[in-house]
Amino acid sequence: MTLLSHRRLSNFMDLERMRQELLSLRVVLTKSIHVCTGPGCAAKGSEKLYELFCEAVENADADVEVQAKGVGCHGLCEYGPIVIVQPGEIFYQRVEEPDVPEIFRETILRGRVVDRLLYEDPATGKKAKKAEEIPFYKVQQRIALAYNGLIDPTKITEYIAQGGYSALAKVLSSMTPDEVISEVEVAGLRGRGGGGFPTARKWRSCREAKGSPKYVICNGDEGDPGAFMDRAIMEGNPHSVIEGMLIGAYAIGSEQGYIYVRNEYPLSVERLRGAIEQAKELGLLGESILGSSFSFDIRINRGGGAFVCGESTALMASLEGRPGEPRSKYVHTVESGLWEKPTNLNNVETWANVPHIINRGGKWFAGTGTEKSKGTKVFSLVGKIRNTGLVEVPMGITLRRIVDEIGGGMRDGKRFKAVQTGGPSGGCIPAEHLDACVDFDELTKLGSMMGSGGMIVMDEDTCMVNVARYFTEFLQKESCGKCTTCREGLAQMLYILDRITKGEGEVGDVEELGNLAELLEGTALCALGKTAANPVMSTIRYFRDEYDAHILDRRCPAKECRGLFRYEIDPEACKGCGICLKNCPEDAIAGERKAPHVINQEKCTLCGTCWEKCPFTAVLKV
Amino acid sequence: MSLHRSTKGLRKGQPVPTVTIDGKKVEVEKDATILDAAKKAGIWIPTLCYHQAVSSDASCRLCMVELDRGEWRQLVTACNYPVRRDIVVHASSERAQQARRGVMELLLARAPESKELKALAERMGVMQTHYPTVTESQRNCILCGLCVRVCEQIIGQAAIGFAGRGVDRTIAAPFRQPSEDCIGCGACAAICPVGTIKVRIHQDKHEIEISPFKSRAKLLVCQECGEPIVSTQVSEQLLRKSKIDWEEFRERLRFCPKCRKSQSAARLGAATVYKKQ
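Chains as they are written, first to last, in the working numbering: chain A, 1 to 622; chain B, 1 to 277.
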């Protein structure tokens, strides 16, 4: 392990030599166990699994050469914890602690597959041995997540062995800053944080801006409910973000970078911190990187938990130590950003794409996607579908393929109603537009947006008015309160939506929501306020009938809004077990044993206890 | 993106950009605001959180005007949009007026009791709001933040600031307690556009109170008539800041303006009398 003893790499050849050495070392270790330690799997106890595998490796006979490693998110969180065994890329799902000895004995020692731990297709019943045989993975194309699940994120050597930092070496040894920007321009990379602004144009503006020093920032303040794309990258492959920032800094002419991570992601902070330290030890960060004249350093700042701090100017205010409130962007941040210096901010996923673009060329990257949206996009796919998890798909793929093929269709045989994209300020796209493709402009046309990549699938039991109310409430709570329209306008919208979902809606409410939405879009200070009406407007656009049902008929078609539907007992299905009667807190249910029970509608407070408790699903919402 | 094209808009031999506002052409200095241009053109744009003495925050959103970008029009705040090239602005277009009226209605719902706000609304043609009052974290305060800025930027005390977030946002001294840094100067009350901040004089205790912050300061009392003048801290700061080390000046600060005037008159009278003799 000569080169692995962490000596400083003083030139580009050193990096390549180190990589070759690492690769030759890997040849010896053909057997390895990859335990997913991503957020989903970790929540299901995968860290304990990792420890057990490590123990098993240690206790194994001396002639068994095998390693266990904890890797980043695999994506198929629904089936976690996931363990992949090499050779053969055998994909084990829902692994539990008692399975560890069996996997070790059978697969590692005897080379046999443990059949019961394989993924089984719910539709065909066919078992899949490898990840690529599973429909969830088949449709995906991984660039930003390419090494997630392959490498141990705590070891820089693993990243280097995969070719990590070679893009940096290429840039420093053979490309001018302008060439780097041109390559990114050819790639057609657009900001993955939500806005979709052309990355190369931003870099160029910042490069050309007067003033020094210049700063680059990585926005890791991922705040959308249910989204964990950036987290998976920061925790699964932190070096890809650092390498991307290094390349961007070289192109822009910056020597100082910041990664702003939300404090709710302690593991991301830990992984990034470790990665920065390791990169510094090897001379890949700090003074004269790889022996060149380029110097760059990165600091990590932790956010305090405000959603609005994901907005670039609020983020910079927070970085400066001021309250995280946005300011007008009439003067762009590339000209006057952090401490009023030229600042280039990109999202985690954007940065992670950069090394791939440099290594494989802008043309290669632009080969995927639509005319104006190139490459891939990571989504966290959640909601009422079978396969929830983290997915990376080529731009231009239809929403239908994401929901049906990757997501595996709706859960419990329910009917699809809408897919919400773009986070809290995104919109809901109904079934008739499921053939729309993932593309910045197309999603905007539909009244939603790409956003940073949240995707929530809803079924027939979801009330769209309530969805709009939920997101409006979220945004109203997260509004910083600086500007009148966002602070007061959202409160007014929420007030109206609250009334509608309580059955107190009035004729004209929908029009009033429209007026407020227009006011928000036109006059709010930052993007949070300007897009805050999207959930309301998109649901009005596609689900107006549901609003009308609430307002005119005092009825919630999805039977979600309390008070706008009744509970009744189906006399056919009721076995007269008495469970509902016993549990009803209002004594509103009557009935003899073994005879159908009846709910007294006057006494019923619609708490839903009977509906939850009935073992025969005889309690119906009508 | 517009900013890089901005300098191209300046033709040779014409160093100042022109703003065409509602058809009127005015020349302004580079980086002046649309509001500056409007003032020069004699066009009134309502403002609340703007004051020439302090930095612009653009938080009240009342000064919305339409910026004509040729193919499309964009609503911008006049108080802080920097003019960097020749631009065309519509301050009285239907969309701009509607936006301003909408913002005003939201503000009226928040602070329905403010006479000053009502007067401004009426001047804008907004006779009433059709929104209910759903937020009121601080009575009649529209959270424009002028008081916060004047206290920090002009007085140099930063005794008050924003507390809370969103609809719970209020203006308060730290921990919502009476401020230890407040010198009782009353600048916040003077600048408040809606009359929410008030100065109260407690004659019995010789104290000045800034309401609603409950901050109090001792008053300097006129040595002649006993009327309160200013808070002791204000007079101290005035001396410190003005750097006038002149005994008579310090002496004169101990009298109220009225008594000072009569003292001067008396002295002047005495001098005149002396001359006559």
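Among the hints, a few may not be true.
As the list claims (entries may be wrong) - Distance condition first, Cα-Cα at most 30 Å in a straight line; then the derived DSS-like pairs of lysine-lysine: (1) B:Lys30 - A:Lys341; (2) B:Lys214 - A:Lys477; (3) A:Lys530 - B:Lys39; (4) A:Lys477 - B:Lys118; (5) B:Lys30 - A:Lys210; (6) A:Lys530 - B:Lys118; (7) A:Lys329 - B:Lys198; (8) A:Lys329 - B:Lys24; (9) B:Lys214 - A:Lys329; (10) B:Lys214 - A:Lys530; (11) B:Lys198 - B:Lys214; (12) A:Lys329 - B:Lys30.
Derived from the structure by calculation, the hints contain no laboratory data.
Hint by hint, here is what the structure shows:
no.: 1; hint: B:Lys30 - A:Lys341; in the structure: 20 Å, holds
no.: 2; hint: B:Lys214 - A:Lys477; in the structure: 28 Å, holds
no.: 3; hint: A:Lys530 - B:Lys39; in the structure: 28 Å, holds
no.: 4; hint: A:Lys477 - B:Lys118; in the structure: 28 Å, holds
no.: 5; hint: B:Lys30 - A:Lys210; in the structure: 17 Å, holds
no.: 6; hint: A:Lys530 - B:Lys118; in the structure: 27 Å, holds
no.: 7; hint: A:Lys329 - B:Lys198; in the structure: 34 Å, violated
no.: 8; hint: A:Lys329 - B:Lys24; in the structure: 26 Å, holds
no.: 9; hint: B:Lys214 - A:Lys329; in the structure: 36 Å, violated
no.: 10; hint: B:Lys214 - A:Lys530; in the structure: 36 Å, violated
no.: 11; hint: B:Lys198 - B:Lys214; in the structure: 10 Å, holds
no.: 12; hint: A:Lys329 - B:Lys30; in the structure: 17 Å, holds
Of the numbered hints given earlier, the model fails hints 7, 9, 10; all others are met.
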